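A.B. asks: Chains A and B are the protein sequences, given in the same order.
Per the numbering used here, the very first residue in the first sequence carries number 2; after that it's consecutive.
Per the numbering used here, the very first residue in the second sequence carries number 427; after that it's consecutive.
Treat the hints with caution; some may be incorrect.
Chain A is faced by these chain B residues, among others (derived, beta-carbon under 7 Å) [stated by the list, open to error]:
#, residue
1, Asn485
2, Arg559
3, Gly628
4, Ala637
5, His640
6, Gly641
Bear in mind the hints are in silico, worked out from the structure with no lab data behind them.
As the structure is a computational prediction, the values presented were derived from the model and not from experiment.
Yeah, the Cβ is synthetic: ideal placement off N, Cα and C, and Gly gets one too.
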Amino acid sequence: MTNQIEQIQVTTTVNGEKVTALVEPRTNLVDFLRNQMELTGTHVGCEHGVCGACTVRIDGEIVRGCLMLAIQADGLEVVTIEGSDDSGEIADLQKAFHERNALQCGFCTPGMLMAITEMLEKNPDPSRQEIREYLSGNYCRCTGYEAIVDAIETVANTRKGA
Amino acid sequence: MKSLKWLLNEKKIREVQLKPSAFNYAKPSSVDEVLGLLSEYGDEATILAGGQSLMPTLNMRLSAPALVIDINGLSDLSGISVDGENLRVDGENLRIGALTRHTEIENSPGIAEHAPLISMAMPYIAHPAIRNRGTFGGSIAMADPAAELPACLCALDGEVEVTGKSGARKVAAKDFFKDLYETDMAEGEILTAVEIPKLGAGYRSAFDELARRHGDYAMAGVAAHAKVDGGKISDLRLVFFAVGSTPVTAKKAMNAMEGQSVDDASIAAAQNALEQDLSPFGDLHSSAALKMHYAKELTKRVLTTLSGG
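Just chain A, same shape as in the assembly (with noise of 0.2 Å):
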């Protein structure tokens, strides 16, 4: 690299922490968020958008970490799996999969579970052919993905009569 590319300041809300530090502008979000902050949750898998393993959620809506440049995401808001986590929102999601065995390695289980709670959020009723569709984004190589449906549908049913 030549020596004359500068770090950018970048400022953002993590987790609903508010987040400021230096990148270098080729920084990916995913590898910012994994390697500066250490959110080791949101996984990196293909790296060129197709598995879906580094799914976050930015301002609301579910994106590839692994296109989009850390620095992009200045003023916004980032949500990862352990911002989920924390503020229970998936807790029944969690739930279900452990349940149902939805995840063997687990690790496309993150991922997985940004798209499905913005797919619940979009849509609360979904068909097990939406899900699929929702999900064609989100490779897992161990379920077959039925179980992964199974858990969804569980627990669409179970918020509707919540």
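Given the coordinates of chain A, work out where chain B should sit on it, guided by the hints.
C.D. replies: Chain B alone, transformed into the frame defined by chain A:
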């Protein structure tokens, strides 16, 4: 959650692993500023809009620009909103700001009313997390041969607004897509908006694509638009994607359907004409012959949809 107080520890920062090669970053606040940077850096600069195609090429070091120009701060490109939408109705045309994100278009009642073909195509574009970031203008400027929106824009006779040092110019969609990832845009120009004629009376649209899995790149796809009157099709547009290096308008098949009702005979005639319209090349997932088979099947499906069947 652990405290973040240690964040500014410089040693930590130096240990960070980085994928793209080093570049400088600019976030201009006007189109003029972008044009200035483009003329200063030439092909050493690249524009970052939604980033959903650019970032993979940076991560894999397929491109290594000296400067990334982040246009997400351009109020000029996202500030043409009406009723909270990045959409303007100019007489007979819809105007969509280049930075409008796919999700916003997918949810837009204005698009659904005036350009239903675009609404139909949206769910096929990648996945929700990609559509939350990816932009309409980015997809058009990228000109990926397997992308949905370039074909839709051609089917709807849309126009692309390109802005350079000498001002803005409009290019018809059919003249915009030149070759594989090549457009009519010259160095130093930026795509600023897309215009689409409002849906005409009696016109209908249909869209379909075949992919190995929902959201994957299409193996073949088609955008269709026609006037349907008493079951008869006229002024049909059939524009295919993922079967050539640009969107392919199937003129012979379109002509075969002119004034026809949609039935087994007219579908077969259109499918036969397709052999002269398309010369697909095979790729990793499908041979040329298989792509032709897909295109014929898609033709049958969209014609059936257009006729209300």
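A.B. asks: Each of the hints needs a verdict: does it hold here or not?
C.D. replies: Evaluated hints:
no. : hint   : result
1   : Asn485 : 5 Å, holds
2   : Arg559 : 5 Å, holds
3   : Gly628 : 32 Å, violated
4   : Ala637 : 10 Å, violated
5   : His640 : 4 Å, holds
6   : Gly641 : 4 Å, holds
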